[in-house]
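Number of protein chains: 2
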Amino acid sequence: MEKSSKISGFYRLSIEARRKILREWADLTDAELAAYDFPPGIDPGIFDRMIENVVGSYTYPLGIATNFRVNQKDYLVPMAIEEPSVVAAASNAAKIARAEGGFSAQTTPPIMIGQVQVLDVADPAAGRLRILAAKESLLEKANAQDPMLVKFGGGARDLEVRVIPSPRGTMLVAHLLVDARDAAGMNAVNTMCEALAPDIGRLAGGRSLLRIISNLAIYRLARATATFRPDLLATDTMKGTEVVEAILDAYTLAAVDPFRCATHNKGIMNGISAVVVATGNDFRAIESGAHTYAALQAKEGAVVKPLTTYEKDRAGNLVGSIEVPLAVGLIGGATAVHPTAKANVKLLGVKGAAELAQVLASVGLAQNFAALWALATEGIQRGHMELHARNVAATAGARPEEVDRIVARLVAERKIRIDRAKEILEELRASGSR
Amino acid sequence: MEKSSKISGFYRLSIEARRKILREWADLTDAELAAYDFPPGIDPGIFDRMIENVVGSYTYPLGIATNFRVNQKDYLVPMAIEEPSVVAAASNAAKIARAEGGFSAQTTPPIMIGQVQVLDVADPAAGRLRILAAKESLLEKANAQDPMLVKFGGGARDLEVRVIPSPRGTMLVAHLLVDARDAAGMNAVNTMCEALAPDIGRLAGGRSLLRIISNLAIYRLARATATFRPDLLATDTMKGTEVVEAILDAYTLAAVDPFRCATHNKGIMNGISAVVVATGNDFRAIESGAHTYAALQAKEGAVVKPLTTYEKDRAGNLVGSIEVPLAVGLIGGATAVHPTAKANVKLLGVKGAAELAQVLASVGLAQNFAALWALATEGIQRGHMELHARNVAATAGARPEEVDRIVARLVAERKIRIDRAKEILEELRASGSR
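The listed protein sequences correspond, in order, to chains A and B. Residue 202 in our numbering is what sits at position 202 of the first sequence, and the numbering runs on without skipping anything. Residue 161 in our numbering is what sits at position 161 of the second sequence, and the numbering runs on without skipping anything.
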């Protein structure tokens with residue numbers, strides 16, 4: 001009989017009972033099921049309340065980026081990521097930046113946008129004015145939804161209304177601007193939008209439909225800058241001043257080509273998202289905000305723009321800067337309940353969401369600088385190679401004591417492949433048994 | 001004395017020694033340090049080889065989405081995510097879709113793009129032709145870098161060369177198109193680009209600089225479609241046909257407004273990235289590819305486009321479709337070495353990267369449909385509310401046996417806030433102790 005994934009009442013089962021179903025479904029061995037086990041420091045109840053249909057956990061390695069100094073304060077930065085080289089690259093870039101004082105970072109106020117869509121408005125231009133005329137009472141009603149946020153200095157700040165033509169008729173979209181303070185803001189903003197939607201629809205003389213936060217958080221920006229001295233960028237074969245020019249050339253391609261820009265921005269997000277994950281924040285929200293902001297910044301037929309910029313200052317130093325929307329929070333969501341996220345926030349020592357965003361922007365800039373430095377000099381593969389080679393060697397069946405010798409050979413040959421690792425492993429074992 | 005994050009030799013220390021530094025750095029308690037402990041099913045050595053400066057792990061809850069049927073095959077889908085409602089929403093959407101046969105999905109061949117940038121070309125148009133004239137030998141040299149990939153039916157397929165004006169002079173960019181088979185392709189493509197770069201630079205009469213994969217994988221697309229019957233979309237207050245029209249209205253805003261589109265696409269990625277994480281793939285690569293593709297699809301002054309489309313078929317059903325670049329792999333990277341990623345691939349039962357991409361596209365469509373259904377009917381908050389309320393109740397200090405009663409009150413009042421949870425908790429305890 002064919003298997004059916006329609007399993008009624010799965011959500012009501014215990015974790016153990018769900019696992020039993022998985023075992024039968026895919027013939028999982030005990031060892032495979034054990035790979036889902038919770039870490040000893042995590043109460044399974046916390047996870048079972050966090051999402052639905054929980055059967056266990058999926059774990060990232062957590063590495064620490066060193067050398068970070070942002071606004072004259074030192075940080076050890078926790079990064080949860082599966083990709084080799086990212087933690088090392090961030091640490092190296094931060095080391096070069098700190099020679100000139102480290103990163104200087106700022107944030108705008110933590111203003112999030114909530115959207116309320118209104119349809120079937122006979123007179124959209126006038127409808128827009130009717131909503132705007134009621135702004136004060138709408139803001140008041142919004143703030144009544146979350147007195148705690150208001151108490152801590154946040155709350156609804158302003159209201160904008162846009163008129164948008166569409167294939168299904170002209171729509172009104174009200175934007176509620178909410179200062180979310182130290183929260184990412186999703187719950188506060190969504191609750192406010194849902195409360196205001198009927199009023200806004202009535203004022204416009206139409207009917208409200210969508211009422212939800214926007215991840216394109218253009219008013220909640222983090223910015224950072226750092227100076228990289230040429231003499232610290234030199235390699236065996238390139239002078240520092242040559243590396244500066246090469247980085248500017250490499251950066252420029254991202255500014256003119258979406259195929260390069262996608263990867264340029266991906267490298268930035270390697271740094272940012274690894275810390276976003278480690279602090280229990282929502283990386284899909286941050287990724288969407290960053291990449292869509294990159295598209296919003298593109299002009300004159302361009303598709304996307306790099307989130308970073310590189311220039312040469314009068315002294316010939318390379319100066320990097322970044323600007324990116326970063327709607328991260330320290331209260332609410334997983335950040336408030338996940339023990340490792342809480343430990344990571346304490347480790348970072350950030351006092352608020354703004355400070356976290358400043359660190360994130362700095363890490364993003366560091367990551368991007370490190371990638372450009374590698375691309376402008378030895379190529380990206382060498383940095384990836386050694387750790388990748390360690391994985392390949394392990395996958396090929398090497399025992400811990402055999403790994404180092406196989407890695408050395410793979411890297412020297414610049415052939416990091418399982419087939420080659422297996423050959424070397426066989427050679428090694430053959431020569432060892434002789 | 002001020003603390004310095006510049007800790008020399010940190011990378012050479014043992015995990016235990018690194019932890020000791022963290023403890024002193026941030027005054028971490030034993031319980032906080034224990035939050036970094038590895039799960040019992042994970043060999044710390046695997047993680048220590050995966051990235052640098054490892055001190056422990058960060059763990060996602062893993063939930064199972066039920067009801068998925070893609071191309072006539074049933075799947076239980078592992079999702080690693082911290083956000084409430086995502087797993088439940090995917091399961092619900094898949095249940096509605098399977099009434100009409102589930103998801104129908106395809107993929108293009110797994111062609112990745114590698115870029116080689118060439119600068120200082122005196123005659124770029126002619127330089128482009130010189131590179132193209134040498135295509136066969138360049139492809140041959142590329143394929144010599146990875147005989148295993150060629151053996152399994154992949155390898156370099158084609159070469160394109162673009163001429164791109166820039167503020168630092170006209171650049172040539174060669175695009176090497178590589179069939180990556182069941183790998184994400186980063187290592188194979190980067191190695192090939194690095195090998196070809198000197199030749200390409202010489203052929204063009206310039207110098208090569210960047211040589212790296214592009215995450216804008218426009219040739220590696222996954223597509224899925226599903227039909228949702230109106231009678232299965234009805235609520236207490238809305239007929240199914242009304243819900244279909246409301247979903248079309250809600251979708252249309254994403255098609256005309258980047259502020260809505262960012263969140264629309266974020267919802268799609270909630271589904272896709274949760275499975276990308278669970279299978280050990282690189283979510284930054286997938287997020288960058290998807291969002292930049294959304295920007296590339298935008299035309300006539302638009303910023304981004306939704307990755308999904310909704311239409312009404314002749315019978316009045318809602319038909320959803322998705323098209324998204326999905327450069328995921330089953331071999332190499334964390335997928336090959338992470339025990340939980342391996343268990344999840346086995347649980348999914350996918351035979352290749354193409355099948356995984358088809359499931360991912362289907363999950364993305366399901367997630368997006370579920371969000372639109374919620375937004376078009378009861379609003380997004382109700383679905384989020386109960387689980388969010390469970391977290392809030394736990395954060396407010398409720399014991400397991402107190403959680404349910406507090407959640408019920410919070411949801412009934414539509415006030416999911418810690419201050420209110422604390423009040424209710426005090427009330428409960430006061431009345432209980434009386």
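Calculated directly from the structure, the hints in this document are not laboratory data. Be aware that one or more of the hints could be misleading.
Copies of the same chain look alike in the list, so a pair counts if it fits in one copy or across any two.
Claimed, not checked - No farther apart than 20 Å at their CA atoms in a straight line, the calculated lysine to aspartate or glutamate pairs in the EDC-like style are these:
no., residue 1, residue 2
1, LYS351, ASP27
2, LYS351, ASP74
3, LYS73, GLU355
4, LYS239, ASP313
5, LYS299, ASP30
6, LYS342, GLU355
7, LYS346, ASP199
8, LYS141, GLU245
9, LYS346, GLU413
10, LYS351, GLU32
11, LYS422, ASP199
12, LYS342, GLU413
### Query
Okay, which hints does this one fail, numbers in order?
5, 7, 8, 9, 11, 12
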